[in-house]
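Novice: This is what each chain is made of:
Number of protein chains: 4
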Amino acid sequence: MVKRKVCIAVIGHGECSPELQETAASIGRCIAHHDAVLVCGGLGGVMEAAARGAKEAGGTTIGIIPGLRKADANPYIDHVIATGLGDARNLLVVRSADVVIALPGKYGTLSEISFALMAGIPVISVSSWAISDDIIQVADPIKAAQLAIEIASKKL
Amino acid sequence: MVKRKVCIAVIGHGECSPELQETAASIGRCIAHHDAVLVCGGLGGVMEAAARGAKEAGGTTIGIIPGLRKADANPYIDHVIATGLGDARNLLVVRSADVVIALPGKYGTLSEISFALMAGIPVISVSSWAISDDIIQVADPIKAAQLAIEIASKKL
Amino acid sequence: MVKRKVCIAVIGHGECSPELQETAASIGRCIAHHDAVLVCGGLGGVMEAAARGAKEAGGTTIGIIPGLRKADANPYIDHVIATGLGDARNLLVVRSADVVIALPGKYGTLSEISFALMAGIPVISVSSWAISDDIIQVADPIKAAQLAIEIASKKL
Amino acid sequence: MVKRKVCIAVIGHGECSPELQETAASIGRCIAHHDAVLVCGGLGGVMEAAARGAKEAGGTTIGIIPGLRKADANPYIDHVIATGLGDARNLLVVRSADVVIALPGKYGTLSEISFALMAGIPVISVSSWAISDDIIQVADPIKAAQLAIEIASKKL
Chain A
1 MVKRKVCIAV
11 IGHGECSPEL
21 QETAASIGRC
31 IAHHDAVLVC
41 GGLGGVMEAA
51 ARGAKEAGGT
61 TIGIIPGLRK
71 ADANPYIDHV
81 IATGLGDARN
91 LLVVRSADVV
101 IALPGKYGTL
111 SEISFALMAG
121 IPVISVSSWA
131 ISDDIIQVAD
141 PIKAAQLAIE
151 IASKKL
Chain B
1 MVKRKVCIAV
11 IGHGECSPEL
21 QETAASIGRC
31 IAHHDAVLVC
41 GGLGGVMEAA
51 ARGAKEAGGT
61 TIGIIPGLRK
71 ADANPYIDHV
81 IATGLGDARN
91 LLVVRSADVV
101 IALPGKYGTL
111 SEISFALMAG
121 IPVISVSSWA
131 ISDDIIQVAD
141 PIKAAQLAIE
151 IASKKL
Chain C
1 MVKRKVCIAV
11 IGHGECSPEL
21 QETAASIGRC
31 IAHHDAVLVC
41 GGLGGVMEAA
51 ARGAKEAGGT
61 TIGIIPGLRK
71 ADANPYIDHV
81 IATGLGDARN
91 LLVVRSADVV
101 IALPGKYGTL
111 SEISFALMAG
121 IPVISVSSWA
131 ISDDIIQVAD
141 PIKAAQLAIE
151 IASKKL
Chain D
1 MVKRKVCIAV
11 IGHGECSPEL
21 QETAASIGRC
31 IAHHDAVLVC
41 GGLGGVMEAA
51 ARGAKEAGGT
61 TIGIIPGLRK
71 ADANPYIDHV
81 IATGLGDARN
91 LLVVRSADVV
101 IALPGKYGTL
111 SEISFALMAG
121 IPVISVSSWA
131 ISDDIIQVAD
141 PIKAAQLAIE
151 IASKKL
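Residue numbers (this note's numbering), protein chains in the order written: chain A, 1 to 156; chain B, 1 to 156; chain C, 1 to 156; chain D, 1 to 156.
Some hints here could point you the wrong way.
Any copy will do: because identical chains look the same in the list, a pair fits if it lies in one copy or spans two.
As the list claims (entries may be wrong) - 20 Å max Cα-Cα, derived SDA-like pairs, lysine to any residue:
1. K106 - I149
2. K3 - S127
3. K155 - L68
4. K5 - P75
5. K106 - I136
6. K3 - G44
7. K154 - A119
8. K3 - E56
9. K106 - A130
10. K106 - C16
11. K143 - D35
12. K155 - R69
13. K5 - A71
14. K154 - D35
15. K154 - A57
16. K3 - D72
17. K5 - L68
18. K154 - S132
19. K3 - G58
20. K106 - D134
21. K155 - G67
22. K155 - E19
23. K5 - I149
24. K155 - I135
25. K5 - L43
26. K5 - G58
27. K155 - C16
No wet-lab data here; the hints were simulated from the structure.
With the hints as extra help, turn the sequences into a complete structure.
Specialist: So, in structure tokens, the structure goes:
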């Protein structure tokens with residue numbers, strides 16, 4: 001029998017500044033350092049930077065993409081889930097995670113936060129949407145990643 | 001060839017107070033008076049009250065339900081779309097509308113607002129989530145319904 | 001309370017011969033004559049011809065389309081359900097019907113037949129896939145439509 | 001950058017005989033021996049046996065489940081994708097694979113074959129549905145697994 005690893009989703013802008021990319025990458029590295037799996041939307045911006053960080057630290061990455069072509073995933077994804085469901089794939093990204101870390105993003109990110117909260121999956125926001133007390137606000141990205149690991153480990 | 005009618009979604013709590021039900025019903029009646037079609041999630045609370053209002057005024061109602069059993073729809077739905085997709089059906093409710101009217105609701109309502117804004121579908125909020133300037137805030141439900149009809153008519 | 005009408009899905013090729021179009025249209029007309037609602041995938045070929053037939057006979061038509069743009073539906077659709085789910089919308093077409101009539105089609109049609117049979121929705125084939133004894137084979141399209149109405153009426 | 005591994009789906013009955021389980025397990029072992037990833041529907045029967053075989057040979061397994069609870073996956077799944085989409089998750093199983101191996105199964109299996117063929121993903125049948133010349137028929141499970149690896153390797 002498998003001892004399933006903790007799985008953390010990182011969500012946010014599909015296109016973003018070098019600063020936000022570095023924040024995402026540092027979270028990805030921290031997730032991998034703790035031997036957790038990273039899941040994301042598999043495309044660019046925050047998704048790519050987080051996956052790059054996780055791979056730099058020797059981790060495992062899953063990308064759940066909107067289209068049918070696995071080649072559309074960013075080059076840091078180990079396992080591509082090709083959905084063909086368009087933006088509806090947002091639901092799957094958060095539902096496959098034990099905890100969600102939200103970085104700044106627009107309505108796609110907000111939809112993911114909404115569906116995580118509907119499903120009772122904890123959401124940690126690092127300067128992202130602050131629309132509910134159910135979202136845990138953590139300013140520092142490393143502390144956010146560590147808290148995510150801690151909460152997720154208790155759930156398993 | 002068909003002259004397609006305007007279609008307005010009404011979203012909000014699945015369980016709600018008599019006051020909120022009356023608000024939803026008045027919006028449903030107004031939509032039907034203007035010969036527009038009402039689309040909703042097909043279950044209880046705001047969904048049922050809005051559909052009841054629309055039928056009282058002789059209108060047409062569509063309910064897009066999470067499950068597979070058409071009998072689970074509320075009794076004021078003419079056309080039941082049985083999805084079997086669970087909460088993912090939220091996306092379809094707003095995508096099938098020309099304009100969305102949001103009444104108070106929780107994360108399900110927020111997910112619907114998010115997906116409407118992602119798809120560029122106008123959202124009018126009547127005391128619902130005020131998380132973006134892209135949402136049109138209208139306090140009076142009848143004025144909200146009239147504005148929805150007006151905006152939707154321009155889109156067709 | 002609404003007395004819900006019987007709803008029949010017609011599925012088959014998205015591009016087809018004039019003969020197959022006439023078959024689909026005759027089924028659509030028969031569905032409308034019996035005051036039943038037609039549901040289909042909303043695009044061309046069998047879907048368009050069946051919807052045209054239903055409208056010629058004064059019926060009501062629902063089109064569940066793969067994309068987000070309601071304008072992509074064929075011109076004989078009263079109510080467009082815009083899913084944005086791509087071919088996954090095939091599931092919704094059959095799940096929203098009380099009975100499915102299958103005309104010749106390829107793997108999309110086969111996927112719809114499979115999902116109808118999974119959900120226990122009766123399938124009547126008019127020269128379509130004959131891959132199971134659970135599918136009712138009827139050579140004549142009018143008799144197929146009449147049988148569909150009959151079976152669906154018993155379910156309500 | 002990641003060198004993405006070949007990914008093979010194994011589909012078939014959710015409940016099955018010890019013989020069919022052994023067939024599925026031998027395919028899973030062969031997939032893992034070739035350093036390929038196994039993807040399946042994550043539940044019992046063929047899905048569980050194939051995943052067990054892959055884990056016995058030190059491989060990696062992905063399970064795409066219909067529900068929201070990751071604990072519902074069988075105990076041989078490394079990465080659980082919790083969809084909440086019900087049977088619509090069938091589409092994702094085949095779309096995430098480079099090649100599909102079909103063992104005996106009912107309409108769920110048929111729906112997966114249909115969607116694989118729609119998406120142009122090769123399907124190898126081991127005593128499963130023989131409804132099209134587009135499906136490659138291979139009687140021996142090990143030869144089927146080897147052929148799947150060979151075809152998938154050419155695609156990458």
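Novice: Work down the list of hints and note, for each, if the structure agrees.
Specialist: Structure-based check of all given hints:
{"no.": "1", "hint": "K106 - I149", "verdict": "neither (25 Å within a copy, 27 Å between copies)"}
{"no.": "2", "hint": "K3 - S127", "verdict": "neither (33 Å within a copy, 33 Å between copies)"}
{"no.": "3", "hint": "K155 - L68", "verdict": "between (32 Å within a copy, 14 Å between copies)"}
{"no.": "4", "hint": "K5 - P75", "verdict": "between (22 Å within a copy, 12 Å between copies)"}
{"no.": "5", "hint": "K106 - I136", "verdict": "both (18 Å within a copy, 17 Å between copies)"}
{"no.": "6", "hint": "K3 - G44", "verdict": "between (31 Å within a copy, 18 Å between copies)"}
{"no.": "7", "hint": "K154 - A119", "verdict": "within (17 Å within a copy, 37 Å between copies)"}
{"no.": "8", "hint": "K3 - E56", "verdict": "between (23 Å within a copy, 14 Å between copies)"}
{"no.": "9", "hint": "K106 - A130", "verdict": "both (12 Å within a copy, 15 Å between copies)"}
{"no.": "10", "hint": "K106 - C16", "verdict": "within (11 Å within a copy, 29 Å between copies)"}
{"no.": "11", "hint": "K143 - D35", "verdict": "within (16 Å within a copy, 36 Å between copies)"}
{"no.": "12", "hint": "K155 - R69", "verdict": "between (33 Å within a copy, 12 Å between copies)"}
{"no.": "13", "hint": "K5 - A71", "verdict": "between (26 Å within a copy, 12 Å between copies)"}
{"no.": "14", "hint": "K154 - D35", "verdict": "within (15 Å within a copy, 32 Å between copies)"}
{"no.": "15", "hint": "K154 - A57", "verdict": "neither (23 Å within a copy, 30 Å between copies)"}
{"no.": "16", "hint": "K3 - D72", "verdict": "between (31 Å within a copy, 14 Å between copies)"}
{"no.": "17", "hint": "K5 - L68", "verdict": "between (27 Å within a copy, 17 Å between copies)"}
{"no.": "18", "hint": "K154 - S132", "verdict": "neither (23 Å within a copy, 35 Å between copies)"}
{"no.": "19", "hint": "K3 - G58", "verdict": "both (19 Å within a copy, 13 Å between copies)"}
{"no.": "20", "hint": "K106 - D134", "verdict": "both (19 Å within a copy, 12 Å between copies)"}
{"no.": "21", "hint": "K155 - G67", "verdict": "between (31 Å within a copy, 18 Å between copies)"}
{"no.": "22", "hint": "K155 - E19", "verdict": "neither (32 Å within a copy, 36 Å between copies)"}
{"no.": "23", "hint": "K5 - I149", "verdict": "within (10 Å within a copy, 27 Å between copies)"}
{"no.": "24", "hint": "K155 - I135", "verdict": "within (17 Å within a copy, 36 Å between copies)"}
{"no.": "25", "hint": "K5 - L43", "verdict": "between (23 Å within a copy, 18 Å between copies)"}
{"no.": "26", "hint": "K5 - G58", "verdict": "both (14 Å within a copy, 16 Å between copies)"}
{"no.": "27", "hint": "K155 - C16", "verdict": "neither (32 Å within a copy, 32 Å between copies)"}
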